[in-house]
Amino acid sequence: AQTVTQSQPEMSVQEAETVTLSCTYDTSESDYYLFWYKQPPSRQMILVIRQEAYKQQNATENRFSVNFQKAAKSFSLKISDSQLGDAAMYFCAYRSYNQGGKLIFGQGTELSVKP
Amino acid sequence: EAQVTQNPRYLITVTGKKLTVTCSQNMNHEYMSWYRQDPGLGLRQIYYSMNVEVTDKGDVPEGYKVSRKEKRNFPLILESPSPNQTSLYFCASRVAGNSPLHFGNGTRLTVT
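First to last, the sequence lines map onto chains A and B. If you want our numbering, it's the position in the first sequence, counting the first as 1, plus 24. If you want our numbering, it's the position in the second sequence, counting the first as 1, plus 45.
Chain A with its partners taken away, still in its complex shape:
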């Protein structure tokens, strides 16, 4: 069975600086998707970025980018120029191509942004 691990329960960053959130996963599959979701205090689940495993190029969305290391099964999220609105819980998630499309989530990392 696949697992997703976020080893940093809490992280803190100064406004305007860069922070990297870690995520590792375990799978025997070669094709899958990886996601980062943001959950602000409103508790909405907001998709931040996604990566298809077959793509070697790291995904980027404005200030958010990932470092996808398939062999190492690592999928970290980098937030550049951090803003106060980035403060939230961040979840890393894995999705197989099959198995009903279930998302497997990590435990979450609570990010705080200091002004």
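Think of the hints as simulated: they come from the structure by calculation, not from any bench. Among these hints, one or two may not hold up.
What the hints assert, rightly or not - Heads up, simulated DSSO-like pairs for lysine-lysine below, C-alpha to C-alpha not over 27 Å straight-line:
1. A:K126 with B:K114
2. B:K116 with A:K94
3. A:K97 with A:K126
Keep in mind the model is a prediction, meaning the values are calculated, not measured.
We have chain A; now place chain B onto it with these hints.
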């Protein structure tokens, strides 16, 4: 506006009193699912549905039931709630294929 709507947002109930959390999506999505979120555990899938009248268990289905009689609705039923079902619940949907999940705004359930 395309959305997944869950109701209620907050619910406090007592052990054993049957309840239903409703979920409706207006995007004509085939796939719908329910997750529960607990501190330190992330979100875990309870049940999912690939289409009308097709449902299957996720990772934590015990104590829950679902039905998918119409494409837009996917209610979560707790026939006899227990305190260990106190949690934050999310409904989500997507089209078939590799599109991402759209989540509802969550239902905070407390069972005393």
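Now for the hints, and whether the structure bears them out:
no.	hint	result
1	A:K126 with B:K114	holds (21 Å)
2	B:K116 with A:K94	violated (36 Å)
3	A:K97 with A:K126	holds (18 Å)
The structure fails hint 2 only (numbered hints given earlier).
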